[in-house]
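A.B. asks: Protein sequences appear in the order of chains L and H.
If you use our numbering, the first sequence corresponds to residues 1 to 113, in order.
If you use our numbering, the second sequence corresponds to residues 1 to 113, in order.
Take the hints with a grain of salt, since some may be wrong.
No more than 30 Å apart at the CA atoms, straight line, and that leaves these computed lysine-lysine pairs for DSS-like [said to hold, decoys possible]:
1) H:K38 - L:K9
2) H:K105 - L:K14
3) H:K38 - L:K57
4) L:K14 - H:K38
5) H:K36 - L:K71
Rather than coming from a laboratory, the hints here were simulated on the basis of the structure.
Being a predicted model, the structure only gives us computed values, none of them experimental.
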Amino acid sequence: NAGVTQTPKFQVLKTGQSMTLQCAQDMNHNSMYWYRQDPGMGLRLIYYSASEGTTDKGEVPNGYNVSRLNKREFSLRLESAAPSQTSVYFCASSVLADQETQYFGPGTRLLVL
Amino acid sequence: SQELEQSPQSLIVQEGKNLTINCTSSKTLYGLYWYKQKYGEGLIFLMMLQKGGEEKSHEKITAKLDEKKQQSSLHITASQPSHAGIYLCGADDSGGSNYKLTFGKGTLLTVNP
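Put together the whole structure using the sequences plus the hints.
C.D. replies: Quick look at the structure:
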């Protein structure tokens with residue numbers, strides 16, 4: 001099992017450009033999450049999907065949209081990138097109901113110029 | 001949502017020394033998770049604690065949750081360079097109803113050979 005995979009690993013964008021970060025998990029988990037990690041701020045939840053077909057805002061959702069494409073895939077979209085969105089983005093997944101442990105992907109480093 | 005305070009923010013120890021990292025919450029912790037992160041990589045799950053007074057160990061790492069379920073400690077015995085990284089605590093933000101995690105800002109551990 002690959003666990004949680006994320007693409008791309010690195011990305012440089014110009015202000016105003018759009019892009020989609022992809023996340024997939026092969027553990028048959030129900031819940032998926034998107035976080036951003038910034039120096040001095042720790043990990044902050046952007047959006048999450050408790051189960052296929054549902055999505056909810058986290059702590060810092062402004063400027064982002066998400067799509068739970070199916071049980072395996074959860075994408076994060078930046079419609080008009082801003083320098084404040086320069087960060088490392090992590091996707092995570094967990095089994096709903098019986099277990100809450102979240103398993104993380106390797107991250108995507110995004111630089112917005 | 002609850003806030004998690006980690007201390008110390010950073011720690012430098014000599015190989016072979018013991019060390020402790022603390023994670024304190026302003027509210028009751030329904031589930032407390034410890035993760036380790038190496039620079040440029042994703043988070044690796046270490047341990048989860050749920051019950052007051054619970055203690056778990058894995059190799060040379062021991063995590064405890066106090067009886068009041070508001071503080072957790074992570075203790076490393078006879079530290080090695082491989083223990084170096086960022087340690088993060090995360091806690092269930094919802095009392096178990098929606099599985100979102102709130103994270104502390106992390107403790108950077110350096111182990112000098």
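A.B. asks: All hints are to be evaluated individually against the structure, with a verdict given for each.
C.D. replies: We went through each hint and held it up to the structure:
no.	hint	result
1	H:K38 - L:K9	16 Å, holds
2	H:K105 - L:K14	29 Å, holds
3	H:K38 - L:K57	28 Å, holds
4	L:K14 - H:K38	28 Å, holds
5	H:K36 - L:K71	27 Å, holds
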